Amino acid sequence: MKTNDGQKNHFFEITGEPLDVGEIARRVVLPECGATVTLDGYVRKFTKGRETDYLVYEAYEPMALSEMEKLIDAALEKFEIANIGIVHRVGRLEIGETSVVIAVSSPHRRAAFEACEWLIKELKRTVPIWKKEVYADGETWIEGDSAAFN
Amino acid sequence: MNVKVLFFGATADTVGKREVEMSFDEETAASAALSQIFEKFPELQKNHGRKSLHFAVNQKYADDDEIINDGDELAVFTAVSGG
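Top to bottom, those sequences are chains A and B. Residue numbering for the first sequence follows the numbering used here, starting at 1 and increasing by one per position. Residue numbering for the second sequence follows the numbering used here, starting at 1001 and increasing by one per position.
I should point out that these hints are in silico values taken from the structure, not numbers from a laboratory. Source: prediction; values computed, not measured. Yeah, the Cβ is synthetic: ideal placement off N, Cα and C, and Gly gets one too. Each hint should be verified, as a subset may be incorrect.
Unchecked claim - Derived CB-CB ranges, DEER-like: (1) 76/A <-> 1045/B: 37 to 45 Å; (2) 48/A <-> 1018/B: 49 to 57 Å; (3) 22/A <-> 1031/B: 25 to 33 Å; (4) 1013/B <-> 16/A: 14 to 22 Å.
Stated by the list, open to error - DSBU-like cross-link-like pairs, simulated, lysine-lysine; straight-line CA separation at most 30 Å: (5) 1040/B <-> 1051/B; (6) 70/A <-> 1046/B; (7) 1004/B <-> 1046/B; (8) 124/A <-> 1004/B; (9) 1004/B <-> 132/A; (10) 70/A <-> 1060/B; (11) 48/A <-> 132/A; (12) 1004/B <-> 48/A; (13) 1060/B <-> 124/A; (14) 1060/B <-> 78/A; (15) 1040/B <-> 70/A; (16) 1051/B <-> 132/A; (17) 1060/B <-> 1017/B; (18) 1040/B <-> 121/A; (19) 132/A <-> 1060/B; (20) 1017/B <-> 124/A; (21) 48/A <-> 1046/B; (22) 121/A <-> 132/A.
Could you build all of it, start to finish, from the sequences and the hints given here?
So, in structure tokens, the structure goes:
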């Protein structure tokens, strides 16, 4: 069984390759932990009734990585958790393909659930990554909640 | 002074470029720089409007009054939508 040998091993990555959710989740396992909560975010076919063919994700990579690192630091302050891994995929993604994985390990599950929810909410608000929905008859860059920084 | 201006996603499509070099006066604030970017790319303001645009200086979110320096990287983009 793969663990990371008892070391704290937070990670944050952006990749153009398909994501292996199980592998990412195993990387946060620690001997003193009892649970990992993993978010597997993937491409939805219907958004507000409109049918999506595929998505394209684009990142401002150096800033996205530094914002992910800030989220990890903040989550470690806020929750009783051990390890955090965040991996976001960019490029073209088909329906059902995983776009983001957030894995949080902790001694007890409740903190991991709370941290994972907080991390995805903040990631969607602050990490500079954008998605374009491509339809049979056009495409749109999706805008997040712009109230976040105004 | 010269500043690298970056666009992503919707703003890159609007401007038709991902990166331009622009020259600003010393002590230019981010908001003043954005006004000059609007002059150069009027469609940016027309398509998105000032309120829906965010900016980052050297990969950090910046306020309107942040002063930009020679060699800085100024990114202009719409609200993020990752996840």
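Here is how each hint holds up against the structure:
| no. | hint | result |
| --- | --- | --- |
| 1 | 76/A <-> 1045/B: 37 to 45 Å | holds, 40 Å |
| 2 | 48/A <-> 1018/B: 49 to 57 Å | violated, 29 Å |
| 3 | 22/A <-> 1031/B: 25 to 33 Å | violated, 47 Å |
| 4 | 1013/B <-> 16/A: 14 to 22 Å | holds, 20 Å |
| 5 | 1040/B <-> 1051/B | holds, 18 Å |
| 6 | 70/A <-> 1046/B | violated, 33 Å |
| 7 | 1004/B <-> 1046/B | holds, 22 Å |
| 8 | 124/A <-> 1004/B | holds, 26 Å |
| 9 | 1004/B <-> 132/A | holds, 25 Å |
| 10 | 70/A <-> 1060/B | holds, 11 Å |
| 11 | 48/A <-> 132/A | holds, 15 Å |
| 12 | 1004/B <-> 48/A | violated, 37 Å |
| 13 | 1060/B <-> 124/A | holds, 16 Å |
| 14 | 1060/B <-> 78/A | holds, 22 Å |
| 15 | 1040/B <-> 70/A | violated, 34 Å |
| 16 | 1051/B <-> 132/A | holds, 20 Å |
| 17 | 1060/B <-> 1017/B | holds, 21 Å |
| 18 | 1040/B <-> 121/A | violated, 35 Å |
| 19 | 132/A <-> 1060/B | holds, 23 Å |
| 20 | 1017/B <-> 124/A | holds, 25 Å |
| 21 | 48/A <-> 1046/B | holds, 26 Å |
| 22 | 121/A <-> 132/A | holds, 19 Å |
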